[in-house]
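Trainee: With these hints in hand, go ahead and build the complete structure from the sequences.
Number of protein chains: 2
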Amino acid sequence: MTQTEEQAGMDPRQEFLDRAVQIVGEENVVRPGVEDGYKDPYPLNPGRVPWPGVRPGSTEEVQGLVKLANETRTGLWTFSRGKNLGYGGPEPRDQKMVALDLSRMNRIIEVDDRLGYAVIEPGVTFFDLFDYVQERELKVWLSVPALGWGSVLGNALDRGYGMSPMGDHAKQICGMEVVLPDGDLLRTGMGAMDGTDLGPIFQGGFGPTLDGLFTQSNLGVVTQIGLWLMPWPEVYLNGDVTVEREEDLPQLIDILTQLRGEDVIQNNALCGNVVRAVTMNGPRSRWYQGEGSIPPERLEEIRQELGIGQWNGKFGLYGDKGMVERRLEIIKERFAGLDGFEVKARMYEGAEGARVAYEDIAEMDRTQMAGVPTLKPLGTINYVAENGGHIDAAPIIPARGEEVWEFYQEAKRLYSEAGFDLYIGYHLYPRHMVHVTMIYFENDNEEMLAQARELYGKLLDAARERGYAPYRSHVDYMDRIADGFDFNNHAIRRFQEKLKDAVDPQGILAPGKQGVWPARLRD
Amino acid sequence: MTQTEEQAGMDPRQEFLDRAVQIVGEENVVRPGVEDGYKDPYPLNPGRVPWPGVRPGSTEEVQGLVKLANETRTGLWTFSRGKNLGYGGPEPRDQKMVALDLSRMNRIIEVDDRLGYAVIEPGVTFFDLFDYVQERELKVWLSVPALGWGSVLGNALDRGYGMSPMGDHAKQICGMEVVLPDGDLLRTGMGAMDGTDLGPIFQGGFGPTLDGLFTQSNLGVVTQIGLWLMPWPEVYLNGDVTVEREEDLPQLIDILTQLRGEDVIQNNALCGNVVRAVTMNGPRSRWYQGEGSIPPERLEEIRQELGIGQWNGKFGLYGDKGMVERRLEIIKERFAGLDGFEVKARMYEGAEGARVAYEDIAEMDRTQMAGVPTLKPLGTINYVAENGGHIDAAPIIPARGEEVWEFYQEAKRLYSEAGFDLYIGYHLYPRHMVHVTMIYFENDNEEMLAQARELYGKLLDAARERGYAPYRSHVDYMDRIADGFDFNNHAIRRFQEKLKDAVDPQGILAPGKQGVWPARLRD
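Chains as they are written, first to last, in numbering that gives the first Met the number 0: chain Y, 0 to 522; chain B, 0 to 522.
No wet-lab data here; the hints were simulated from the structure. Note that the structure is predicted; figures quoted are calculated from it, not measured. Hints may contain errors.
As the list makes no split between identical chains, a pair holds if one copy fits it or if it spans any two.
Here are the computed lysine-lysine pairs in the DSBU-like style, where the Cα-Cα straight-line distance is at most 30 angstroms [claimed, not checked]:
1. Lys343 <-> Lys320
2. Lys497 <-> Lys313
3. Lys497 <-> Lys66
4. Lys497 <-> Lys411
5. Lys313 <-> Lys170
6. Lys343 <-> Lys497
7. Lys497 <-> Lys170
8. Lys313 <-> Lys138
9. Lys138 <-> Lys170
10. Lys95 <-> Lys331
11. Lys170 <-> Lys95
12. Lys331 <-> Lys320
13. Lys411 <-> Lys457
14. Lys38 <-> Lys457
15. Lys375 <-> Lys411
16. Lys95 <-> Lys66
17. Lys313 <-> Lys375
18. Lys331 <-> Lys497
Mentor: Shown next, in the form of structure tokens:
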């Protein structure tokens, strides 16, 4: 690409795409501006031109593309399957970039059910891994997020969550293969030794631990990870805690947090409100046709009709039957005598007491806690309109009942002012909780999108005022969230930029990812 | 320091030490060559001159010293308490460095027993933290390593282990304050926001996770960490599995590994041999006065006299009494019917069933599993001589019985050839085990030290041939172990060096740590 060509108005990505044909073949180059290019299916700021992309089939091809990107100074926006819905999907930070789509690299290299790990490439979905395990009758359980069509590796790298005891997916990563921004190939951890089996077995290596450096990162293209899996449990128990009164939320949070801390509840318990149940039984128009948020009186009617609580805690128990039974007893003891709290449970066992059958699990209302991938929640997307979209607003909050209550009040006020229904699906951990709310909107409805953007901005501000921040970010808000990490004149960003410049001096990998821009694109 | 001065034979560290007085005061500058300078108490290569050092009292003083080190190009070897015994203690990599002794920074900033975390400085020992928790009757348990006088932070940064369910200490780190090599101050994770409480509560932040980068690292001086603690359990159970026959080791390993994987056994179970028991009941001369390794026949006599197994598995169970009882039942079921295997257990409960009293725990034979720091194992140091020392040889091995057996045979052969007794204290995890052996020697006995060095080298070679490597390193062996991480022409070291050069261009922080040298000292 010469300066003249650029001045002449040619797409500066043209040379990269033309030469990429030599590496991946014509059929794996998606040309600029075509309708089936890459874009966010639920754009908060519609009207962008779909992105061109390249689809490598191997680590060597990724290396070739990265070297070519250096030569042509082309920004590559990496994703595994592009199903990061509510966060921008496959959409890059700006129009000058090319999508690096890793979905063709979908080999399951190994699943070991003796020690409990898998080695996988970026294109492997939760469905793929599930089918692989099922077909071979391997004695492991997966941890899956709300939707099963996304990349297992991509979810872990973006520090997403599943709903099993091993649901903090980034923590299950054990060893990576990484194409560095100069095209060099790195293996982290014990895998950095030639001829070892320890890569997916032991998380440490020798010297600084690097795996974390490649999560939410633009320092390399991860082409393979080891991922730890849990053993198939003897029984699975589906548990519910329903709470009748809204104002009992703090007590619910505190009890569940303590049970998580003691490892009595083993997975990231969910806590949903009535709106969440409505989205699962939508569309909205079935329940309410008025303007603005559904009023409290109507929500109370719906609640009674659905036979649910104001708050609906959901958890899973896993493992030996006797231990699961004792866990449930403890949980019941903790809620016993509290007016308006009710604990319900159903246990699933295998036919011969050996292990749970997937056929049984598939019937339950929440298969994800049982490690079975699904697309069921996709139905909620069209909550407010047939052509619906959403954005997740999910700040991290200390898991203290009174703090959660205070922020819940604030979120309720903001959603109500903006006229959106407040969907709540908290995720509870031993020390923090993820204050998941979702803004549902109609795609391309510019008035509603403007309101959604305004509400999202106010939620971010309300969180930051309290020292809270989201744990990941929609592509449109990365700079803004990064701005909030302001200790010592943004020391963290200055340090991240220093690493970026050292490792990727041309600034070609995922420029702007999580607010970290390469020198050439920094203001 | 001018070139002339250096040529004149002056210690190049003199200028740094003289100017450091302005920062830390004369009383906190340890001058070169004095007898009470810093050195390994058990040197494998004796005869080195004790190191000079500086002892900052605050983060600001560390920043000042780091800036001064840049100006004078002085290598600073950082440690927290210097009790890294068997790995070199406080000893730097070479004679040109100055010890950066953080022991005066010993504030316990916070311990929160509602959510379960502490915020501490480098100088805080396990005893300090234990006393703090005890005095305030906080409802948390610590995880402590073999000896309690070391630094909690230092142990976690070197990726050391404790013996509780939260014994993988590096994984409990939640947020760091780090003085960077240019004197700038960084906070990682959520703590990178001004005015947040989330620093020690949530392990992620925004963008790449950096905490791992500062473990086994020379990229910064960590002056504070958040560390997760476990809730005080209702009961503690001390468990033993004794195995009569040596050849039943693979079965023991496989069963314990499976129990770890299922989270039935919650802590890193130990597995010791007869020599380990002899060291606990030493000195050696009490049991055997001959040359070379204690012969098998004599070991068998000792075993019967001590009433122990060839293999002695030890584990702890923690939490609710009913769950602990069920855990023990499962463990007993797994070993039931196996000839020569015996499971024994003793449960400790609090007087009112509320929590375990430390007074009871202090009487037990292994307080560390119960989170109580001790110095008892220090007695084993003088196993072979009154002036004794040791080195740990601890490669990581996949936790498969047959692999462990094969490497055990090899270690036995090597120890026997070298005439040392083979001490074994395996640590068992769900997927890997640490093949801990120890070489005991007499300090300053050059003949014995030469043999120890030779044996240690052979153990390293035997491990590397099989794709195994130690998880940490004695200061004298860092380069050699790093050499084994050879995938793609040592891609990992080349990447670590790139980071080092970017972050520490003058190469002043811990040069050579884990084999990573700054540009100015690289070959």
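Trainee: Confirm or reject each hint.
Mentor: Status of each hint after checking the structure:
1. Lys343 <-> Lys320: For Lys343 and Lys320, the Cα distance is within 30 angstroms both inside one copy (17 angstroms) and across copies (23 angstroms).
2. Lys497 <-> Lys313: Classified as neither: same-chain Cα gap 43 angstroms, cross-chain 47 angstroms, threshold 30 angstroms.
3. Lys497 <-> Lys66: both (21 angstroms within a copy, 18 angstroms between copies)
4. Lys497 <-> Lys411: neither (40 angstroms within a copy, 48 angstroms between copies)
5. Lys313 <-> Lys170: Answer is both: 23 angstroms inside a copy and 27 angstroms across each meet the 30 angstroms cutoff.
6. Lys343 <-> Lys497: Answer is neither; intra-copy 53 angstroms and inter-copy 56 angstroms both fail.
7. Lys497 <-> Lys170: both (25 angstroms within a copy, 26 angstroms between copies)
8. Lys313 <-> Lys138: Both: 25 angstroms inside a copy, 27 angstroms across copies.
9. Lys138 <-> Lys170: both (21 angstroms within a copy, 26 angstroms between copies)
10. Lys95 <-> Lys331: For Lys95 and Lys331, neither the intra-copy (56 angstroms) nor the inter-copy (64 angstroms) Cα distance is at most 30 angstroms.
11. Lys170 <-> Lys95: neither (33 angstroms within a copy, 39 angstroms between copies)
12. Lys331 <-> Lys320: Both: 16 angstroms inside a copy, 16 angstroms across copies.
13. Lys411 <-> Lys457: Within one copy only: 12 angstroms inside a chain, 66 angstroms across chains, cut-off 30 angstroms.
14. Lys38 <-> Lys457: within (25 angstroms within a copy, 57 angstroms between copies)
15. Lys375 <-> Lys411: So Lys375 and Lys411 pass the 30 angstroms test inside one copy only (26 angstroms; across, 57 angstroms).
16. Lys95 <-> Lys66: within (18 angstroms within a copy, 41 angstroms between copies)
17. Lys313 <-> Lys375: Result: close within a single copy only, 17 angstroms intra versus 46 angstroms inter.
18. Lys331 <-> Lys497: Result: close neither inside a copy nor across copies, 52 angstroms intra and 55 angstroms inter.
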